[in-house]
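A.B. asks: Take a look at the letters that make up each chain.
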Amino acid sequence: MGHLLCVEDIEKIYGNRRNVTKALDNLSFCVDNGEFVGIMGPSGSGKTTLLNCISTIDPVTTGHIYIDGTDVTKMKREHLSKFRRQHLGFVFQEFNLIDSLTAYENIALSLAVNGIAYEELRVLVAQAADTLGISDLLDRYPGELSGGQKQRIAVARAIAMQPFLVLADEPTGTLDSRAARRMLESFSDMNKRLHTTIIMVTHDAFVASYCGRILFLRDGKIFTEIRRGELTRSAFFSRVMDVVSVLGGDMENAG
Amino acid sequence: MLCKLAFRNVRKSVGDYAVYFITLMFAVMFFYAFNSLDAQQAIMDLNENKATSAQMMLESIKVFSTFVAVALAILILYANNFLIKRRNKELGIYLTLGMGKGRVAGILMMETLLVGIIALAAGLFLGILFSQGMSLITAKMFEVQLKEYVFVFSSKAAIQSIIYFGVMFLCVMLFNAVRVSKQKIIKLLHSDVENEKVIGKKTWVSILMTVAGIVLIIVAYYLIIKGMMIMYLPLVMLFGIPGTFLLFAGLSGFVYKIASRNKKKYYKGLNLFVTRQLTSKINSTHTSMALICLMLFVTMVTLGASSGVSAAVNKEAGRDIRFDAEYYMRPAEVENAGGGVAALEDYGIPVDKFFKETAEYARYDSDVDMLADFAEYLDVAQANEMAGNMDVHSFAGAVPVSQFNSFLRLIGEPEVTVGENEVGAVVYNEKLAENLENFSNDGNKIHSNGKEYTLSPDGIRIVNTRIMGAASNAMMIFIYPDADVAGFELRDVMVDGIYIDGVPKEETDQSLQALQSQLREENPERPFSGFTTALTSQDSSIGLRVTISFVGIYLGITFLVTAAVILALQQLSAANDNKKRYATLRKLGTEEKMINRSLLKQIVIYFLIPLAIAAVHAIFGIQGLMSMINMAWYENVYQDVFWGLAIIAVIYGIYFLATYFSSKKIIREK
Numbered sequence: 481m482g483h484l485l486c487v488e489d490i491e492k493i494y495g496n497r498r499n500v501t502k503a504l505d506n507l508s509f510c511v512d513n514g515e516f517v518g519i520m521g522p523s524g525s526g527k528t529t530l531l532n533c534i535s536t537i538d539p540v541t542t543g544h545i546y547i548d549g550t551d552v553t554k555m556k557r558e559h560l561s562k563f564r565r566q567h568l569g570f571v572f573q574e575f576n577l578i579d580s581l582t583a584y585e586n587i588a589l590s591l592a593v594n595g596i597a598y599e600e601l602r603v604l605v606a607q608a609a610d611t612l613g614i615s616d617l618l619d620r621y622p623g624e625l626s627g628g629q630k631q632r633i634a635v636a637r638a639i640a641m642q643p644f645l646v647l648a649d650e651p652t653g654t655l656d657s658r659a660a661r662r663m664l665e666s667f668s669d670m671n672k673r674l675h676t677t678i679i680m681v682t683h684d685a686f687v688a689s690y691c692g693r694i695l696f697l698r699d700g701k702i703f704t705e706i707r708r709g710e711l712t713r714s715a716f717f718s719r720v721m722d723v724v725s726v727l728g729g730d731m732e733n734a735g
Numbered sequence: 217m218l219c220k221l222a223f224r225n226v227r228k229s230v231g232d233y234a235v236y237f238i239t240l241m242f243a244v245m246f247f248y249a250f251n252s253l254d255a256q257q258a259i260m261d262l263n264e265n266k267a268t269s270a271q272m273m274l275e276s277i278k279v280f281s282t283f284v285a286v287a288l289a290i291l292i293l294y295a296n297n298f299l300i301k302r303r304n305k306e307l308g309i310y311l312t313l314g315m316g317k318g319r320v321a322g323i324l325m326m327e328t329l330l331v332g333i334i335a336l337a338a339g340l341f342l343g344i345l346f347s348q349g350m351s352l353i354t355a356k357m358f359e360v361q362l363k364e365y366v367f368v369f370s371s372k373a374a375i376q377s378i379i380y381f382g383v384m385f386l387c388v389m390l391f392n393a394v395r396v397s398k399q400k401i402i403k404l405l406h407s408d409v410e411n412e413k414v415i416g417k418k419t420w421v422s423i424l425m426t427v428a429g430i431v432l433i434i435v436a437y438y439l440i441i442k443g444m445m446i447m448y449l450p451l452v453m454l455f456g457i458p459g460t461f462l463l464f465a466g467l468s469g470f471v472y473k474i475a476s477r478n479k480k481k482y483y484k485g486l487n488l489f490v491t492r493q494l495t496s497k498i499n500s501t502h503t504s505m506a507l508i509c510l511m512l513f514v515t516m517v518t519l520g521a522s523s524g525v526s527a528a529v530n531k532e533a534g535r536d537i538r539f540d541a542e543y544y545m546r547p548a549e550v551e552n553a554g555g556g557v558a559a560l561e562d563y564g565i566p567v568d569k570f571f572k573e574t575a576e577y578a579r580y581d582s583d584v585d586m587l588a589d590f591a592e593y594l595d596v597a598q599a600n601e602m603a604g605n606m607d608v609h610s611f612a613g614a615v616p617v618s619q620f621n622s623f624l625r626l627i628g629e630p631e632v633t634v635g636e637n638e639v640g641a642v643v644y645n646e647k648l649a650e651n652l653e654n655f656s657n658d659g660n661k662i663h664s665n666g667k668e669y670t671l672s673p674d675g676i677r678i679v680n681t682r683i684m685g686a687a688s689n690a691m692m693i694f695i696y697p698d699a700d701v702a703g704f705e706l707r708d709v710m711v712d713g714i715y716i717d718g719v720p721k722e723e724t725d726q727s728l729q730a731l732q733s734q735l736r737e738e739n740p741e742r743p744f745s746g747f748t749t750a751l752t753s754q755d756s757s758i759g760l761r762v763t764i765s766f767v768g769i770y771l772g773i774t775f776l777v778t779a780a781v782i783l784a785l786q787q788l789s790a791a792n793d794n795k796k797r798y799a800t801l802r803k804l805g806t807e808e809k810m811i812n813r814s815l816l817k818q819i820v821i822y823f824l825i826p827l828a829i830a831a832v833h834a835i836f837g838i839q840g841l842m843s844m845i846n847m848a849w850y851e852n853v854y855q856d857v858f859w860g861l862a863i864i865a866v867i868y869g870i871y872f873l874a875t876y877f878s879s880k881k882i883i884r885e886k
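Heads up: the protein sequence lines correspond to chains X and B, in order.
Under our numbering, the letters of the first sequence match residues 481 to 735, in that order.
Under our numbering, the letters of the second sequence match residues 217 to 886, in that order.
Everything labelled a hint here was simulated from the structure, so no lab data went into it.
Computed from a predicted structure; not experimentally measured.
One or more of the hints may lead you astray.
Chain X is faced by these chain B residues, among others (derived, beta-carbon under 8 Å) [claimed, not checked]: (1) Val471; (2) Lys473; (3) Ala475; (4) Arg477; (5) Lys479; (6) Lys484; (7) Leu486; (8) Val490; (9) Gln493; (10) Ser496.
Derived DSBU-like pairs: lysine-lysine, alpha-carbon spacing no greater than 30 Å straight-line [as the list claims (entries may be wrong)]: (11) Lys418/B to Lys356/B; (12) Lys817/B to Lys795/B; (13) Lys803/B to Lys554/X; (14) Lys502/X to Lys556/X; (15) Lys817/B to Lys796/B; (16) Lys817/B to Lys562/X; (17) Lys554/X to Lys479/B; (18) Lys803/B to Lys672/X; (19) Lys562/X to Lys305/B; (20) Lys672/X to Lys562/X; (21) Lys481/B to Lys418/B; (22) Lys562/X to Lys809/B; (23) Lys796/B to Lys556/X; (24) Lys398/B to Lys562/X; (25) Lys803/B to Lys880/B; (26) Lys556/X to Lys305/B; (27) Lys484/B to Lys556/X; (28) Lys803/B to Lys502/X; (29) Lys562/X to Lys479/B; (30) Lys356/B to Lys220/B; (31) Lys562/X to Lys880/B; (32) Lys473/B to Lys721/B; (33) Lys562/X to Lys372/B; (34) Lys562/X to Lys796/B; (35) Lys701/X to Lys305/B; (36) Lys796/B to Lys661/B; (37) Lys556/X to Lys795/B; (38) Lys556/X to Lys881/B.
For each residue, glycine too, the CB sits at the ideal point set by N, CA and C.
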């Protein structure tokens with residue numbers, strides 16, 4: 481299995497000549513097809529910047545990002561949004577559902593924007609809803625749903641196009657622990673059954689313990705990386721906690 | 217500190233609420249300009265006739281100004297409401313920072329005051345500039361020269377504007393203060409999170425409402441078409457107004473039902489988003505949309521009809537009148553003196569001194585009921601007019617042929633000859649002449665005097681027999697053989713004349729009128745009941761025209777601006793409330809072009825729905841109004857109506873564009 485995503489020596493510099501901040505500093509890693517990768521780090525370590533660079537929302541200063549062999553840093557702007565739409569799925573902390581549309585329409589809209597015709601759209605929405613176990617919620621408006629249900633709708637929207645890569649930024653950030661657990665179980669289920677590749681940013685060690693591999697960032701560099709391998713989730717959780725304590729106690733406030 | 221905060225806030229708002237601010241300025245500007253018309257008049261060289269008609273115009277403007285002021289006050293309160301709503305969060309922050317409610321209310325009052333003063337000052341300034349241009353237009357409409365160019369400033373109108381708008385701002389200030397003092401902090405802080413309630417009525421309820429609305433509206437239209445608008449105006453309103461409200465109340469469900477029927481189209485691009493945006497907006501604003509629709513309707517009718525009517529009056533004034541003066545002689549006096557001209561001479565008017573040529577003829581009421589005999593050959597409007605005008609029986613006029621020929625000679629028309637069982641006819645427009653020709657070509661006869669007459673097609677003349685106005689005459693006058701009029705009731709004897717050559721007509725006109733008013737003082741018993749000259753009639757028709765145009769424009773613009781502003785503010789607040797939705801679309805990778813197009817679609821449809829319904833209303837409304845004001849000379853004023861509609865299109869279009877660009881800016885905000 482080849483690399484789905486390769487990040488090569490990327491740098492992201494903010495600010496002007498007098499006041500330079502290196503958000504990402506000479507960072508490289510690869511993600512294989514079907515992996516579930518977590519990105520952790522204290523606030524200011526560049527987690528979200530990295531995710532934004534991968535998702536092509538934020539251009540890198542130097543370096544290359546290959547997604548399925550395509551160098552997205554070389555792509556023209558007008559192609560980028562199309563690429564993003566078709567090949568990447570996003571899950572946000574704030575759900576970002578449109579409250580005037582039903583759950584069904586929210587999922588359908590992202591497909592319709594991609595120019596999918598109704599016959600195909602119908603099937604794709606049903607598949608995605610089935611994966612997330614939300615088929616009975618489709619007629620409801622976001623206002624009538626709980627936080628966990630909303631987030632599962634958002635995930636269904638993200639995977640409906642069957643993207644190469646799902647990028648999730650603190651997807652459990654606003655959920656209570658039960659809803660968060662259920663959400664993460666759907667993530668690992670998707671990863672195992674459908675081989676969906678997922679990259680998830682989080683500051684919560686418990687959440688991260690669902691991943692197969694975790695990258696720890698500090699000051700824009702990869703501090704270390706750990707793999708779950710054959711460990712149980714609770715054993716993996718203790719390993720994560722060990723790294724977190726080495727990395728510095730700032731994790732709880734990270735955003 | 218309070219002042220500083222308020223001032224900063226206002227400076228921020230000027231850019232943000234361009235629509236509100238410009239509208240305030242426009243309101244003051246138009247209010248001042250129309251109320252300063254009397255000062256503008258003072259600098260004009262108006263003769264007596266024109267001055268009287270100018271007075272009439274001023275009086276009517278004054279009446280309508282009160283109404284306009286009330287409408288503007290409501291508009292300003294509404295716009296203010298939107299302003300406050302958009303700033304709820306900011307106000308909440310002031311309160312959490314520990315600022316007392318009194319002080320926050322103070323800041324708001326200060327802001328209102330500042331905005332008010334700036335708008336008032338700017339509006340007055342623009343109004344003064346605008347009134348300079350307006351006095352030029354007024355002078356042109358009155359067909360007079362300005363004595364000399366003077367800068368017109370009416371302190372009376374300025375003070376009036378300041379008082380009206382001052383009171384209005386005071387109300388707004390109090391309103392805001394009360395509003396803030398009643399608010400809860402938590403609500404203010406979270407006001408941007410609250411969502412519109414999307415749950416609407418059941419679909420079948422909506423459809424039922426829409427259908428009921430359409431039925432009521434059709435009933436109202438039917439009443440208008442049947443020409444019953446005059447008698448049944450309250451009834452037309454009783455059906456039309458609730459019908460419009462019902463239609464809008466059910467519209468959102470109805471539109472959704474139709475749009476989502478075709479699934480392929482509905483799930484294409486942003487269509488489903490646009491549909492949902494529109495239907496939820498229509499659902500939450502249907503009452504005000506219906507009001508806007510009715511306002512637009514009134515605008516179209518006033519602007520459209522006033523330009524139509526004033527064009528008709530213009531046409532009436534510009535009628536082809538080929539003589540200069542007319543007398544309506546009293547039959548008894550004519551008989552005593554042995555002729556009309558002789559009676560005038562006896563009274564003391566040296567006819568030969570003023571007139572080159574005169575003609576006189578007697579006019580009778582015939583026994584021909586135009587409605588009954590010609591019903592099949594008349595248009596609905598013509599028939600209506602007769603029915604509305606003169607009871608159910610409307611008799612044609614009758615003139616003896618030999619006398620009438622003298623009149624035809626006077627104006628240079630070929631004379632009419634009629635055989636024993638023949639009549640000729642005089643009408644004043646081609647359409648009627650055509651109808652009469654058809655009548656006689658179909659072999660119809662006219663029953664009159666116990667005889668049967670044929671209408672000879674060669675005996676039909678299209679001429680204006682009176683200066684006073686075509687509508688004061690019967691629509692048809694038949695020319696009978698001399699002997700046959702004896703049995704008819706004598707109405708009056710006309711003496712018409714053309715002024716002498718070599719002297720300007722204005723001069724003759726003035727000296728004749730001067731002589732007559734002098735004679736009247738000496739001897740109030742005049743041998744004639746009416747006297748008009750072509751020049752006087754032209755002057756007074758100018759006055760009528762100016763009045764109708766100005767009042768129409770004044771009211772029309774007020775209604776139009778009100779409607780457009782409300783629509784604009786609703787769309788802007790929608791853009792403001794839905795910023796997050798657009799951000800989501802962007803995050804899903806929707807291209808900016810697609811988002812802009814969806815925004816444009818929403819605004820276009822939102823602006824067009826009330827306009828389209830109002831336009832359909834207006835077609836029937838103007839039709840009804842035209843037949844109501846008795847447009848005997850209605851030939852083709854419809855093209856002038858389009859000028860009124862063009863004004864609407866321009867102002868509406870400006871507000872539409874402002875809304876689109878401001879909304880685009882708002883939805884780009886983070």
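A.B. asks: Take the hints in turn and mark each one as holding or not.
C.D. replies: Status of the hints after comparison with the structure:
For Val471/B, the suggested interface contact is broken, since its CB lies about 14 Å from the closest CB of chain X, more than 8 Å. Taking 8 Å as the C-beta cut-off, the interface hint given for Lys473/B is violated, the closest approach to chain X being about 15 Å. The interface hint given for Ala475/B is broken, as the beta carbon of that residue sits about 12 Å from the closest beta carbon of chain X, more than 8 Å. The restraint placing Arg477/B at the interface with chain X is violated, with a minimum CB-CB distance near 12 Å, outside the 8 Å limit.
Proximity of Lys479/B to chain X holds as hinted, the smallest CB-CB distance being about 5 Å (cut-off 8 Å). For Lys484/B, the shortest C-beta to C-beta distance to chain X is roughly 6 Å, which falls under 8 Å, so the interface hint holds. Below 8 Å, beta-carbon pairs count as interface contacts, and Leu486/B has one with chain X at about 7 Å; its hint therefore holds. About 11 Å separates the beta-carbon of Val490/B from the nearest beta-carbon of chain X, more than 8 Å, and the hint is not met.
Look at Gln493/B: its Cβ gets to within about 6 Å of chain X, closer than 8 Å, so that hint holds up. Hint on Ser496/B holds. Least Cβ distance to chain X is approximately 5 Å, under the 8 Å limit. Proposed proximity of Lys418/B and Lys356/B is contradicted: the alpha carbons are some 59 Å apart, above 30 Å. Using a Cα cut-off of 30 Å, the hinted pair Lys817/B and Lys795/B holds, with the two alpha carbons roughly 17 Å apart.
The straight-line distance between the Cα atoms of Lys803/B and Lys554/X is roughly 21 Å, inside the 30 Å bound, and the hint therefore holds. Distance check on the hinted pair: Lys502/X and Lys556/X sit about 24 Å apart at the alpha-carbon level, within 30 Å; holds. This hinted pair checks out: Lys817/B and Lys796/B have alpha carbons roughly 19 Å apart, not beyond 30 Å. Taking the CA atoms of Lys817/B and Lys562/X, the gap is near 22 Å; set against the 30 Å cutoff, the hint holds.
Distance check on the hinted pair: Lys554/X and Lys479/B sit about 38 Å apart at the alpha-carbon level, beyond 30 Å; violated. Between the alpha carbons of Lys803/B and Lys672/X the distance comes to roughly 27 Å, so the proposed pair stays at or under 30 Å and holds. With a C-alpha separation of about 36 Å, the suggested pairing of Lys562/X with Lys305/B is violated against the 30 Å cut-off. The hinted pair formed by Lys672/X and Lys562/X meets the criterion: a straight-line CA distance of about 28 Å does not exceed 30 Å.
At roughly 23 Å between alpha-carbon atoms, Lys481/B and Lys418/B fall within 30 Å of each other, so this suggested pair holds. A threshold of 30 Å between alpha carbons decides the hint, and for Lys562/X with Lys809/B the separation of about 13 Å falls inside it, so the pair holds. Of the supplied pair hints, the one linking Lys796/B and Lys556/X holds, its CA atoms being roughly 27 Å apart against a limit of 30 Å. Taken as a hint, the Lys398/B and Lys562/X pair is broken in the structure, with Cα atoms around 49 Å apart against an allowance of 30 Å.
For the suggested pair Lys803/B and Lys880/B, the alpha carbons sit about 17 Å apart, so the restraint of at most 30 Å is met. Under the criterion of a C-alpha separation no larger than 30 Å, the hint pairing Lys556/X with Lys305/B is inconsistent with the structure, at around 39 Å. Distance hint between Lys484/B and Lys556/X is fulfilled; the C-alpha atoms sit about 26 Å from each other, no more than 30 Å. Simply put, Lys803/B and Lys502/X have alpha-carbon atoms about 25 Å apart, close enough for the 30 Å limit, and the pair holds.
Distance restraint check for Lys562/X and Lys479/B: the Cα-Cα separation of roughly 24 Å lies within the 30 Å cut-off, and the hinted pair is therefore satisfied. Proposed proximity of Lys356/B and Lys220/B is contradicted: the alpha carbons are some 49 Å apart, above 30 Å. Restraint check for Lys562/X and Lys880/B: satisfied, since their Cα atoms lie roughly 22 Å apart, inside the 30 Å limit. A threshold of 30 Å between alpha carbons decides the hint, and for Lys473/B with Lys721/B the separation of about 71 Å lies outside it, so the pair is violated.
Under the criterion of a C-alpha separation no larger than 30 Å, the hint pairing Lys562/X with Lys372/B is inconsistent with the structure, at around 64 Å. For the given pair, Lys562/X sits about 21 Å from Lys796/B by alpha-carbon distance, which is consistent with the 30 Å threshold. The straight-line distance between the Cα atoms of Lys701/X and Lys305/B is roughly 40 Å, outside the 30 Å bound, and the hint therefore fails. The straight-line distance between the Cα atoms of Lys796/B and Lys661/B is roughly 79 Å, outside the 30 Å bound, and the hint therefore fails.
Of the pairs offered as hints, the one joining Lys556/X and Lys795/B holds, with about 27 Å between alpha carbons and a cut-off of 30 Å not exceeded. Proposed proximity of Lys556/X and Lys881/B is supported: the alpha carbons are some 25 Å apart, at most 30 Å.
Violated hints for the displayed structure, listed by number in ascending order: 1, 2, 3, 4, 8, 11, 17, 19, 24, 26, 30, 32, 33, 35 and 36.
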